[in-house]
Amino acid sequence: DSGVTQTPKHLITATGQRVTLRCSPRSGDLSVYWYQQSLDQGLQFLIQYYNGEERAKGNILERFSAQQFPDLHSELNLSSLELGDSALYFCASSVGAGLHDTGELFFGEGSRLTVL
Amino acid sequence: LAKTTQPISMDSYEGQEVNITCSHNNIATNDYITWYQQFPSQGPRFIIQGYKTKVTNEVASLFIPADRKSSTLSLPRVSLSDTAVYYCLVGDRFLSSGNTPLVFGKGTRLSVIA
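Heads up: the sequence lines are chains P and X, in that order. Take the first sequence: its position 32, counting from 1, is numbered 32 in our numbering, and each next residue is one higher. Take the second sequence: its position 20, counting from 1, is numbered 20 in our numbering, and each next residue is one higher.
So here's chain P without its partners, still in its complex pose:
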């Protein structure tokens, strides 16, 4: 158990819909990262938040948005869903703002999104 909690574990929805994925980081971790992993693809970095502020942005679509709340949990909002958005979405956390501050990202078990 990494200490990172993601909900829901599984989600099935239709094209055009909107979903929200939630992540609670490890206790004490200030950074939250979101990654997308499609079938047979590597982990694609989406976005990072540090202590409530956006820290870095990757290949995140305009239809996607995220935020980190004062209690440090984070939500990833996916809207106008398309079939290609079906993927595993991972949240990870770390203590500092830099990935190598502690050398370790702690990943949750992921949220599997299926768009029909």
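Don't read these hints as lab results, they were simulated from the structure. No experiment lies behind these values; they were computed from the predicted model shown. A hint or two may mislead.
Unchecked claim - With a straight-line cut-off of 27 Å between C-alpha atoms, the simulated BS3-like cross-links for lysine-lysine are:
hint, chain 1, residue 1, chain 2, residue 2
1, P, Lys9, X, Lys54
2, X, Lys106, P, Lys57
3, P, Lys57, X, Lys3
4, X, Lys52, X, Lys3
5, X, Lys52, X, Lys106
6, X, Lys3, X, Lys54
7, X, Lys106, X, Lys69
8, P, Lys57, P, Lys9
Said to hold, decoys possible - Far from chain P, some chain X residues (derived; all Cβ distances over 10 Å):
hint, residue
9, Thr53
10, Ser81
11, Val103
For each residue, glycine too, the CB sits at the ideal point set by N, CA and C.
Once you've looked at the hints, dock chain X against the given chain P.
Quick look at chain X alone, frame taken from chain P:
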């Protein structure tokens, strides 16, 4: 960010030592090398991190030559449960705002055979 190249897949028999090499020719002075392991439908898990020479922990060893343009993850006496994807990542220790955090490539798919 330094780009990494690693084999797409490797096969090994149980009990053997497995060495997975990662090339990172344009590694920068401040870059560290980190390896993660991912089982199907699970999030990646940190294995080991190093800057130079050799690092060893209870799970693996990481060998980094003097020029740091490559690194080798060594898994001693693998078992069936070591079947997973292994990612090599290279990145700055202190990321400043606007820099993209480490990118996980497609990794190396290790299959351990009985």
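List of violated hint numbers, smallest to largest: 1, 11
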